[in-house]
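S.K.: Just so you know, the protein sequences line up as chains A and B, in that order.
Just so we're aligned, residue -2 is where the first sequence starts under the working numbering, counting upward by one.
Just so we're aligned, residue 8 is where the second sequence starts under the working numbering, counting upward by one.
Everything labelled a hint here was simulated from the structure, so no lab data went into it.
If you're wondering where the values come from, they're calculated on a predicted model, not measured in any experiment.
Be aware that a few hints might be false.
Which residues of chain B face chain A? A partial, calculated answer using Cβ under 10 Å [stated by the list, open to error]:
#  : residue
1  : G25
2  : F34
3  : V35
4  : G38
5  : P60
6  : A67
7  : L73
8  : S74
9  : G75
10 : R111
11 : G114
12 : I122
13 : F125
14 : M175
15 : R176
Heads up, the beta-carbon is just placed ideally off N, CA and C, and yes, glycines get one too.
Each chain is listed here by its residues.
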Amino acid sequence: MELAAPLKYSMQIPEVYLLLFALLTGIAFGIFLEKAGFGNARKLVEQFYFTDMRMFKVLFSAIVTAMVGIYWLSYLGFLDSTQIYINGTFIWPQIIGGLVFGVGFVMCGLCPGTSCVAVFTGKLDALAVFAGLFTGLILYAEVEPQLAGVISYSSIGDISLYELFNMEYGVLTFVIVLVALAAFWFAGRVEERIAKRTA
Amino acid sequence: MKTRQAYPYWNPYIVGVGIGILIILSFVVTGRGLGAIGAFNGLMASVVHAISPDYALSKAAFSNYLSGIEHPLRDWVVIEIAGVCIGGLISGLVSGRFKFEVIRGPGISKVTRLIFAFSGGLLMAFAAKFTRGCTSGLALSGGSVMSPGAWLFMISVFIGGYSVAYLMRRLWN
């Protein structure tokens, strides 16, 4: 097909329009995050106390929606899936980093993206999160030379899950959708249970 | 004093589908998804560079965001996060949730809350360097294109969070 996306390449969109698109996408993203309640750290961490699992619900319904959309667009030949960016996999750095990230998340109640929404809705605790993020980046810059070997350990490249498992793209998409639907049902049940217990 | 009633939050599944559509649009237009921590990297690099150019260029963690480009702030993810700030502000104002306050559990002081917020932010910035992305850039966007690392990261974040949630319960409940 002539008009295969990403449009950035196929239509050679000038940078200024891409940045305008970035701004508009960001504004919509910020509105969604705020409307979900994610400008409030206490609302967000309810995930970890089972009283309101909306963080899980938003995260996974967004992933499933995007995954199905991207699958169909590439299946129909509109999106060239070889041209899109797939985050590289570094097994141990991403496991260890994820565990530490999760601890940090419960300590501050926000992630880097939601901390922006929190700061811009007046939440002063999020300013401390900003300060922590910036301090972390400065400290990291200092120790990076010593960590060079550690952070690129166990890299398996830019492959996808269906390549890794040697499965059909569509089949794996379908399986993940089914698992997500079961997980949404389960999350609802957990919330009901906890609500009943604390009532 | 009249207390202003905040509008209720949106249904999480509606928000999720909305964000999913944004991710699809982003891949269709630019070939990549959304991000967040990258904007902090770019902003930090340009601030450090403005204060001390020699220092910034001597550290790979900053110089990577400075070399070969016009300006570190003239970047997709930086502009996108500027949009997130604007969108959050607009939504907070129209929803009646804009308020200067320190969000915390009833049992802790403001100072304790701020210390933990700072420490959590520090850990997340460090961790995001190891993982090469945060909840937006890695979990959401990488998860959507089935990056194995994105799924490992997500599972690990939940395990890490749940394993300390009980210890941290006094912060929030």
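S.K.: Determine for every hint whether it applies to the structure shown.
M.R.: Hint-by-hint comparison with the structure:
1. G25: holds, 5 Å
2. F34: Since chain A brings a Cβ to about 5 Å from B/F34, closer than 10 Å, the hint holds.
3. V35: Cβ of B/V35 sits 4 Å from chain A, so the hint holds.
4. G38: holds, 3 Å
5. P60: Violated, because the Cβ-Cβ distance from B/P60 to chain A comes to roughly 14 Å (cut-off 10 Å).
6. A67: Holds, because the Cβ-Cβ distance from B/A67 to chain A comes to roughly 6 Å (cut-off 10 Å).
7. L73: With a minimum Cβ separation of about 12 Å from chain A (threshold 10 Å), the hint on B/L73 is violated.
8. S74: For B/S74, the interface hint is violated, since the closest Cβ of chain A sits about 15 Å away, which is over 10 Å.
9. G75: violated, 14 Å
10. R111: holds, 7 Å
11. G114: The hint is violated - B/G114 has no Cβ within 10 Å of chain A, the shortest such distance being about 12 Å.
12. I122: holds, 8 Å
13. F125: holds, 4 Å
14. M175: Status holds, d = 5 Å.
15. R176: holds, 7 Å
Hints 5, 7, 8, 9 and 11 from the list above are not met by this structure, while the remaining hints are.
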